[in-house]
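Below, each chain spelled out in residue letters.
2 protein chains.
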Amino acid sequence: MRDTNRQFRLAKRPEGKPDRETFELAETDVPEPGPGEALVRTRYLSVDPYMRDRMSAGESYADPWDVGDPLRGGAVGEVVDSSGAEFEGGDIVVGNLEWADYTTAPGTELTAVDPDLAPISTALGVLGMPGRTAYFGVREVAEPKPGDTFVVTGAAGAVGSVAGQIAKLSGARVVGFAGSDEKVSFLEDDLGFDAGINYKATDDYRAALDEAAPDGVDAYFDNVGGPITDAVFTKLNVDARVAVCGQISLYNATERPTGPRKLPGLISTRARVEGFLVRDFAPRFGQATKRLGEWVASGEIEYRETITEGLENAPDAFLGLFEGENIGKQLVKVSDPDE
Amino acid sequence: MRDTNRQFRLAKRPEGKPDRETFELAETDVPEPGPGEALVRTRYLSVDPYMRDRMSAGESYADPWDVGDPLRGGAVGEVVDSSGAEFEGGDIVVGNLEWADYTTAPGTELTAVDPDLAPISTALGVLGMPGRTAYFGVREVAEPKPGDTFVVTGAAGAVGSVAGQIAKLSGARVVGFAGSDEKVSFLEDDLGFDAGINYKATDDYRAALDEAAPDGVDAYFDNVGGPITDAVFTKLNVDARVAVCGQISLYNATERPTGPRKLPGLISTRARVEGFLVRDFAPRFGQATKRLGEWVASGEIEYRETITEGLENAPDAFLGLFEGENIGKQLVKVSDPDE
Chain A
0 MRDTNRQFRL AKRPEGKPDR ETFELAETDV PEPGPGEALV RTRYLSVDPY
50 MRDRMSAGES YADPWDVGDP LRGGAVGEVV DSSGAEFEGG DIVVGNLEWA
100 DYTTAPGTEL TAVDPDLAPI STALGVLGMP GRTAYFGVRE VAEPKPGDTF
150 VVTGAAGAVG SVAGQIAKLS GARVVGFAGS DEKVSFLEDD LGFDAGINYK
200 ATDDYRAALD EAAPDGVDAY FDNVGGPITD AVFTKLNVDA RVAVCGQISL
250 YNATERPTGP RKLPGLISTR ARVEGFLVRD FAPRFGQATK RLGEWVASGE
300 IEYRETITEG LENAPDAFLG LFEGENIGKQ LVKVSDPDE
Chain B
0 MRDTNRQFRL AKRPEGKPDR ETFELAETDV PEPGPGEALV RTRYLSVDPY
50 MRDRMSAGES YADPWDVGDP LRGGAVGEVV DSSGAEFEGG DIVVGNLEWA
100 DYTTAPGTEL TAVDPDLAPI STALGVLGMP GRTAYFGVRE VAEPKPGDTF
150 VVTGAAGAVG SVAGQIAKLS GARVVGFAGS DEKVSFLEDD LGFDAGINYK
200 ATDDYRAALD EAAPDGVDAY FDNVGGPITD AVFTKLNVDA RVAVCGQISL
250 YNATERPTGP RKLPGLISTR ARVEGFLVRD FAPRFGQATK RLGEWVASGE
300 IEYRETITEG LENAPDAFLG LFEGENIGKQ LVKVSDPDE
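The listed protein sequences derive, respectively, from chains A and B. With numbering that gives the first Met the number 0, letter number 291 in the first sequence gets 290, and the count goes up by one each step, no holes. With numbering that gives the first Met the number 0, letter number 259 in the second sequence gets 258, and the count goes up by one each step, no holes.
The set of hints was computed from the structure by calculation and includes no laboratory data. Ideal Cβ placement from N, Cα and C applies to all residues, glycine included. Any given hint could be a false lead.
Label-pair distances were calculated between CB atoms; the ranges are [stated by the list, open to error]: (1) A:Lys144 / B:Arg290: 45 to 53 Å; (2) A:Glu108 / B:Ala61: 53 to 61 Å; (3) B:Ala61 / A:Glu139: 32 to 40 Å; (4) A:Arg283 / B:Val66: 38 to 46 Å; (5) A:Glu322 / B:Asp203: 52 to 60 Å.
Calculated Cβ distances over 10 Å to all of chain B for the following chain A residues [stated by the list, open to error]: (6) Leu9; (7) Gly258; (8) Pro263.
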C-alpha cells in the first residue's frame, strides 16, 4: 500500500487534440473516507472517448470538468476502508472514480464485482459500460435481423467488437471498419465477422463497401462518423436503421465539421437515424450484464483488452484512443492485489 | 371539346435549375382509349417538387423520365369516353395523368372523385396526396404531443400548411418557416400557427427560433432542408423526432450539397431522424382522406390553392415552386366543365 496518493487533474482545456499538457499529475495525501464512504484503491482505470467531451466547456451530455478538477471515469478497485459503506475490506467494486491511486466514494455509488465470475477488468469492458452500450445499441436501435447486413465502425474497439458479435448472433452479415490489418484479422479470425475493412489502407470506402456489403446496408452502428459514415449512408437500404453511438473522428475538431448532406438520401430509403445513450437503459443493466456474462462464459462473445501499465501512463492510454492504438477495451492497470 | 391534344414532354434533362427549355409542348391527335381504358379530359393538373427528381437520370424513389417522354403527375379530369372502364362519361376521376389536355388511362388506375363532397381540385391538395403526406408524416413520424413544439418548413405550401394544422390539433405549439410576410400572415392569421418566420427576412434562423420556439423543438417536419434545417437541428430537444418529407432547397443543386455534420448532435438528444414516403401508407389512404375531409368540412383545417390558368403555363407553375411563388397547393387549371 502506498502512503501518498497520485491524482490526475485537468491542467487546461485542450484546443483540438489533447496532449500531455492537458493533464497534471498531483501528489496528495491518501484521502479519508467520510461517513457512508469507502476508500477504494484503484486496480484498473477505463479511458473512454466520451471523456474528451468533458474536457471542453461546451454543452454536452457529460458535464464539463473545470480546470483543476480531478479527472474521473469508470474504474475497478479494492475497498481498503469502509467507514459506513456496506462493503468490507478486500471487496472488489466498480464505480465512477478519480484517475488516482485512491478515491473515496459513497458506498451507494459503488457496485460489487464478483471476481469469480470473470476477470475483474471485464467490469470496465465487455461486462461493463462498453458491453452494455453495444447490447442496447444493437438490440434496441440498430436492430439487425437474420439476413441483414450490419456495419460497425470502430469495430475492433471496446464497443464495436461486442456490437458486431451481438449482430452476428442475430443472424446478420457483419462488416467492420478498423484501422489496421492486425485489427481486421482480429475481426475476421477471432470474432467471426464476415468482413473487415482497413480504412487506413483505402480512401475509397464506398468501393470497399461494394465488395464487403454487396447487398447494401440494413443496420449501421456508428462509433466514428466522418467520411466512413458518409460512404455507409450512400449504401443504406430501404428501411435501414442507423444507431449513432459515438463520433470519435469529430471530437477533436476545432472548427464545426461539415460533410455531405444526408437528409435527401433518407427519403427514398425511409431510413431511421437515431442517437442513443446507454444510461437511458439503466433499469435493464442487470439483464444486459447477465446475458453478456453468459455469452462470454459460453465463448459466443470473445473480448480483448489492451492494458497500459501504471497510473502515470493514463494520459497516453487516453490519447491513444484517438490514434486507434488499442484493440478491444483500453485499460490502465494501476495496482496489483499483492502490492 | 378540343379536336387536337397538347402534351408536354421532357425536352432535355435540366442541369441544376430547370427552365422553359426543359419543356416541349407537342401537338398530337386526341388519343383513343383501348380496352379497359378511359379517355380523360384534364381539368386540374398538380405540379409537385418531387417531379424535379424524375427529370434527372440519377437514382431516386421516382423513376426517371426519358427525354421525349410525356410529363406525368397527379391530375383531376372528366371521363369523356370509357370503352371498358367502369366509369361513365362525365365522371370526375383522379389519377396519374400526362401534362396534356387528354390522357388515356386504365380504369384500374383512376379513382372516382365525389364533386359534392368538396371542390374537385382538393383531390390534388388537402384531400389528395399532399394532405395525406402531411397526415401520415405528422401522426406516424413526427408525432407531436400536447405541449410539444412542432416546426415545419415550407409551411405555407400544400403539405406544410396541412401538417402544421394537424400538429396544432394534436396540442402542439406550431412554428412555420415560409418565404414572405404574406405567407407568415396566412400561417398566423388564417391557419392558427403560433408563430411564422419569414426566412427571407433574416439569415439568423437560430435567433428566429430562439424567439419563436423558446422551449426548443420536439418535432420537426422538414420539406426544405439546407441552412434552415441546420438551425432547427441545433434546437432539438431530448427525444426529438424529425420527419424528412422533402428537401426542396437541394433538388436543383449541381454539386453534392454539404453542410454542418448533424450526427454528433443526435447523441445527447437521442433524436430520431426518419425519412418517409406517403405511398408506404397506401393501405390507409381511405382512412386519411376521410379524416381530412371531416376536418375540412368542420373548418378545423383550412386550405388554400394557387391556380395558374392554362395548360401552356404548367412549366411556369412548376418552376414557381422553387421560387416559393405559391401559397397552399399549386395547381394548373386546364379546362372548364362547360368548355
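Exercise. Looking back at the hints listed earlier, which ones does the structure fail to meet?
Worked result: Numbers 1, 4, 5, 7 and 8, in rising order.
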